[in-house]
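> Required output: the full structure, derived from the provided sequences and hints.
These protein sequence lines are chains Z, E, Y and S, in that order. Per my numbering, the very first residue in the first sequence carries number 1; after that it's consecutive. Per my numbering, the very first residue in the second sequence carries number 1; after that it's consecutive. Per my numbering, the very first residue in the third sequence carries number 1; after that it's consecutive. Per my numbering, the very first residue in the fourth sequence carries number 1; after that it's consecutive.
The set of hints was computed from the structure by calculation and includes no laboratory data. Some hints could be false.
Between beta-carbon pairs, the in silico distance windows are [claimed, not checked]:
#1 E:Lys-229 to S:Ile-113: 52 to 58 angstroms
#2 S:Pro-31 to E:Glu-94: 44 to 50 angstroms
#3 E:Asn-217 to Z:Asn-257: 58 to 64 angstroms
#4 Z:Lys-215 to E:Glu-323: 56 to 62 angstroms
#5 S:Ser-109 to Y:Asn-225: 53 to 59 angstroms
Simulated pairs of lysine to aspartate or glutamate, EDC-like, Cα-Cα distance not exceeding 20 angstroms [unchecked claim]:
#6 E:Lys-165 to Z:Glu-226
#7 S:Lys-229 to Y:Asp-219
#8 S:Lys-39 to Z:Glu-34
#9 S:Lys-165 to Y:Glu-128
#10 Z:Lys-198 to Z:Glu-242
#11 Y:Lys-82 to E:Glu-323
#12 Y:Lys-2 to Y:Glu-186
#13 E:Lys-304 to E:Glu-323
#14 Y:Lys-285 to Y:Glu-323
#15 Y:Lys-106 to E:Glu-34
#16 Z:Lys-2 to Z:Glu-323
Glycine included, every Cβ here is placed at the ideal spot set by N, Cα and C.
Protein chains: 4
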Amino acid sequence: MKLLKKGSKKFDIIAIGRACIDLNAVEYNRPMEETMTFKKYVGGSPANIAIGTSNLGLIVGFIGKVPDDQHGRYITDYLHDKGVDTTQVVKDKEGRKVGLAFTEIKSPSECSILMYRDNVADLYLTPEEVDEAYIRETEALLISGTALAQSPSREAVLAAIEYAKAHHVKVIFELDYRPYTWATQEEVSIYYTLVAQKANVVIGTRDEFDMLEGKENGDNQTTVNELFKYEPDLIVIKHGVEGSYAYVKDGKQYKANSYKTKVLKTFGAGDAYASAFLYALFNGKDVETALKYGSASAAIVVSKHSSSEAMPTVQEIEQLIAEQS
Amino acid sequence: MKLLKKGSKKFDIIAIGRACIDLNAVEYNRPMEETMTFKKYVGGSPANIAIGTSNLGLIVGFIGKVPDDQHGRYITDYLHDKGVDTTQVVKDKEGRKVGLAFTEIKSPSECSILMYRDNVADLYLTPEEVDEAYIRETEALLISGTALAQSPSREAVLAAIEYAKAHHVKVIFELDYRPYTWATQEEVSIYYTLVAQKANVVIGTRDEFDMLEGKENGDNQTTVNELFKYEPDLIVIKHGVEGSYAYVKDGKQYKANSYKTKVLKTFGAGDAYASAFLYALFNGKDVETALKYGSASAAIVVSKHSSSEAMPTVQEIEQLIAEQS
Amino acid sequence: MKLLKKGSKKFDIIAIGRACIDLNAVEYNRPMEETMTFKKYVGGSPANIAIGTSNLGLIVGFIGKVPDDQHGRYITDYLHDKGVDTTQVVKDKEGRKVGLAFTEIKSPSECSILMYRDNVADLYLTPEEVDEAYIRETEALLISGTALAQSPSREAVLAAIEYAKAHHVKVIFELDYRPYTWATQEEVSIYYTLVAQKANVVIGTRDEFDMLEGKENGDNQTTVNELFKYEPDLIVIKHGVEGSYAYVKDGKQYKANSYKTKVLKTFGAGDAYASAFLYALFNGKDVETALKYGSASAAIVVSKHSSSEAMPTVQEIEQLIAEQS
Amino acid sequence: MKLLKKGSKKFDIIAIGRACIDLNAVEYNRPMEETMTFKKYVGGSPANIAIGTSNLGLIVGFIGKVPDDQHGRYITDYLHDKGVDTTQVVKDKEGRKVGLAFTEIKSPSECSILMYRDNVADLYLTPEEVDEAYIRETEALLISGTALAQSPSREAVLAAIEYAKAHHVKVIFELDYRPYTWATQEEVSIYYTLVAQKANVVIGTRDEFDMLEGKENGDNQTTVNELFKYEPDLIVIKHGVEGSYAYVKDGKQYKANSYKTKVLKTFGAGDAYASAFLYALFNGKDVETALKYGSASAAIVVSKHSSSEAMPTVQEIEQLIAEQS
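Printed below as a string of structure tokens:
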């Protein structure tokens, strides 16, 4: 199976969803109350994956909305500098803001985020602002689950998926569940289910698949049996330090262990994972190898201070895999 | 093809969506400014279809939300008196109101409606208030398009559809497009498309299918070709006085002319049509005959003062068909 | 003391606030669930007082906002027909509606109202829509307390009061407290206090003065002592069937008993009271006589089916006073 | 005249309004897009004045609302450490956030602020959360104009003023106009006028008094003539580098020039001014001397990186006055 073909279209991947600002504690290993200085990075799962896959050599575009202010311009410039096409990054005209994430790093295992997500520009992308012609030109469309949390971003994503299906563009669904933007858990389950049924590849943690199913302690086999009734061909379910699993529609399944690393903070692991996993699939690696790329990439990012800025190179990933195999 | 089987489950049809109050001009053939008295009727497309099909002998239930006030109690009592099961009519606890429709009948061809639809109870039905066990007990679930216009009613309907699909309950989608509750036309197209792809039967006017497709002057054949790629087996497209068309997935198509009648007002025609068309299908009539039942039923209702109260009997319908064949 | 001078300006009174539609039960002495027909009347306290005082011969204007729909046009036309100047009745352009009051008359002592007050045009009158030049031309400005319930109507009224004070226009504050539009009781107390301190005449029920003071079972003497520290010269406190009291800043106080009548419903009594009381003051009656006019007018309206349409004539009022004195 | 008496009550000043976080550019003299690091300070005009006056030796309390998150706790702790009583700093329970101000310092004359003010906790202080007994214990209540921008904070302030008036507490109104929180300019004028009429001391820039009056290029003499009809005894109007003017109800007026300083940024000048001006009045200085204290304090703060942290000592202020007199 060759699910994702590199170079067959103008873009390998177009990501849709939020791009925001992380404000990472400069002084860490302490409560945020005692952190007096913060360093600015681009953040947001689909922006991180756009940067991560572009870093690794894929041709990447981004669809999103940012304000015409200092933070919005910084994000657009940063994406552009990282090689991501920003022609479809829409300027908000209503005075909305970029979302912010102040990160608190008390210890490697105690990290938390103070979010500013009220009235953020990214959730106001409208269906009219999504260009069917742009989506037609990509091999794959990467959907971030958070973009489904509110209208009109929700409908912008649903429209993007319809365009993708009409033009045989593969849909990759990164569940990316963040509790703070959703009204109810029922809504999460309803829209995650709708979109997962239409996606070709679904990637998430076990907890995120539980949100999709609207229940607790779900079982991987039940999950994939249900989703394989619909469009999905490949499903990746991540179990943290226990490793990650890939399920293919033909019945095969694979597992990768997590790599040992010196953890500084846990943020950014999922985005680094998705970036490297997708890079590997696009470059003809088999699913089992792609899982290793994902795990290694995640291990590298959690040892560093930022997410977007720390997205690893192919060499770094392959070196870690070699070291620990 | 036997699409809908009468008596196979506890209910033949469960309708989900709004039930409201029509305030019909007692003095008519004049502008509403000169109408001083209004008569109260139950209204709302899915409520009318529930009443209409119950009148014709089907076993019918209703899922909706009304306030615990005088109008809400009137609606629930009226549905109950008409034989509709109201155990799933939820009481709103937030001070919302029943929607109102003041009808203005200037002349048989000049009718308009003054709607009160701000903060109406029906649009606040939540997914949690939809009971999977109830839906499992019906042969068919009737979706009214207006219930998709706003959250959380939108998600309640999407949840109801997932339950229906899980239990092999047929989904009938009456497009029932009303402009006043939708935020944008793009949203109409997005959600109508999502739901139509999952429905077994889709019924609407040509204009409503244009809203679904997000374009003007659509062509029936293009419409049905696209929808037949998905779940639909039967699609009815109504062209007003020119008659109505039915398209079956196997390629057959049928037409019924409209019946001559003395028009008092145009309201209620679609609900009367759907009621009789579904009645006929449930009773083993072929699609062509079912179209005639629909047309005849519509012709009867437009000659009378109300919608719900004027839903015809089988005898009245069959008599009109006989008279004009 | 001659508080209010008739004919000294272009207008005797300009009222500001809501005009809406009453839908009165045609079949009464029953719960509304059993009322099938409703008769349409103009309603809303300041509209009723405008109509009531115009009926009695004062020169009256009205500042308010109604939609450009059938109900809005009916209201404007009706006010105009009753002799009220409607040049400052603004048309709402945002799709808002006229407020509705369905009246339920179970028995003379059991009346209730089912209100439709969500997103009503009257509460969206803006300060920019209040014309200083118009207010300058009146002897008195009548404020309805309900117009203070929400922004921007609240600020429109506060602006109108500033204009009135700048041009030595008397401010009459009819407390007109309706619970359904206020966010909290604290807000009622805050804005009622602010406005009462600036008003020359304050009229309300004992319960309404309790709302102003933010406490229960208030005492008239305490109430008037506090308010007489500020602008008020005359305060009327109504105690229902026990009668009504007037307090003058110079220390005098008066009482009028209520008149015997055959009560049909209780709606409209306060508006009829204020209309006749103000008429009497404008026509040089002393305060004690004015109280009698108010009481008699209220007694007449509660014996009739409507409020606005039933506003009595001078002759009717004086006849009742004569009969029961 | 001894307007403000130090030590006569438990508190000299209680300030009411916002406390937020300033994120000041660590790398400055450049656009914010190129600033990568931000330093955290407590900000917000009334919080700064509370800190500033406490620094100078007054006994100060603060009434406000902050979330129970890392930023909220930092603010409360910082105020407490600076000697400000925080027993009336209410914890928000609704997930609202602290307001943020990212400062951009392109050059000493080109400073701007990127504000995060959507759904901020400070604007959700309610009237019920303002304690009459607390306000009774202060000599003066300092109102920040921004706290009037939205409900329910607006009503909380109006309630606080009523409590102050009832207990003969002096009301000081710092106009503190910030455009981003107000719905319309008419609202600014309406509420600034209402509050200024009830205040004993009013302090603002000429531009802020223009907002109060709802006009442009107002004239100081007209402004003070109008306000002296009401409660105010002392009005300070600041004209930037041209200096500042004080007007006393008895007709006297005073001017202070601005002090020469090396400007780093313009933020915080007004809060430093008010702090030192009030300190001087409380300590028995005459109005002319108090103006000098205000000007000198402002000159010191604009030469430093922060606002709250840079609030000067009495010694620094008096030294600058001595140097430049």
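> When the structure is checked against the list of hints, which entries are broken? Sort them ascending.
7, 9, 10, 11, 12, 15 and 16
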